[in-house]
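Protein chains in written order, with numbering that gives the first Met the number 0: chain P, 0 to 63; chain V, 0 to 63.
Think of the hints as simulated: they come from the structure by calculation, not from any bench.
One should not assume that every hint holds.
[Unchecked claim] Straight-line Cα separation of at most 20 Å, SDA-like style, residue types lysine to any residue; simulated pairs:
1) P:Lys50 x V:Asp57
2) V:Lys21 x V:Trp61
3) P:Lys54 x V:Trp61
4) V:Lys54 x P:Gln63
5) V:Lys21 x V:Met0
6) V:Lys1 x P:Gln63
7) V:Lys21 x V:Gln63
8) V:Lys54 x P:Lys12
9) P:Lys54 x V:Lys1
10) V:Lys50 x P:Glu58
11) P:Lys54 x V:Asn43
12) V:Lys50 x V:Glu17
13) V:Lys50 x P:Lys50
14) V:Lys54 x P:Ala10
15) V:Lys54 x P:Asn43
16) P:Lys50 x V:Lys35
Bear in mind that the values here come from a model prediction, so they are computed numbers and not experimental data.
There are 2 protein chains.
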Amino acid sequence: MKNLRMKSARAAKDMSQEELAKICNVSRQTINAVEKGDYNPTINLCIAICKALDKTLDEIFWIQ
Amino acid sequence: MKNLRMKSARAAKDMSQEELAKICNVSRQTINAVEKGDYNPTINLCIAICKALDKTLDEIFWIQ
DNA sequence: ACAAAATGTAAAAAATACTTGACAAAATGC
DNA sequence: GCATTTTGTCAAGTATTTTTTACATTTTGT
């Protein structure tokens, strides 16, 4: 399932997938896949994403 | 670094590592390693752990 | 002290996250 | 309309999580 909260938080920072990827030290494809929601990233990556987007884990990755 | 919040939440439920492992559908060693903090579990495992312990991601895995 | 349960740890194999390179489609700005 | 950026996707390879088996140590209860 798509992670629209992540997409929205990224949009709020006017950040491309590639920019976010660089900050998180992963490939653009990985960010794309996480946002598309078709897999299961590690917690360290999730934390890096949240820090980059000024959000917490609950705000981006917790169930709702 | 040890995850003492996880250890404490597990203790509060009087649950062994093995019981928690069963609920999360992973091995006891995996739970032990996560609690010991020497690696980087997937977000799905973190979510399963949090649900089993009645906690959220921020409570157990977010930086403090 | 003793038995049983719980935890720590290690090594090899299996599963899967992530990378790299590449190309097409869609969106954005001029 | 055109060029540029951004996003979507695929396939093959690498890195790391997780499993399995096994044994040692520590803790708990009686």
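Tested hints:
no.	hint	verdict
1	P:Lys50 x V:Asp57	holds (13 Å)
2	V:Lys21 x V:Trp61	violated (24 Å)
3	P:Lys54 x V:Trp61	holds (11 Å)
4	V:Lys54 x P:Gln63	holds (14 Å)
5	V:Lys21 x V:Met0	violated (24 Å)
6	V:Lys1 x P:Gln63	violated (28 Å)
7	V:Lys21 x V:Gln63	violated (28 Å)
8	V:Lys54 x P:Lys12	violated (29 Å)
9	P:Lys54 x V:Lys1	violated (24 Å)
10	V:Lys50 x P:Glu58	holds (16 Å)
11	P:Lys54 x V:Asn43	holds (19 Å)
12	V:Lys50 x V:Glu17	holds (16 Å)
13	V:Lys50 x P:Lys50	violated (23 Å)
14	V:Lys54 x P:Ala10	violated (29 Å)
15	V:Lys54 x P:Asn43	holds (19 Å)
16	P:Lys50 x V:Lys35	violated (23 Å)
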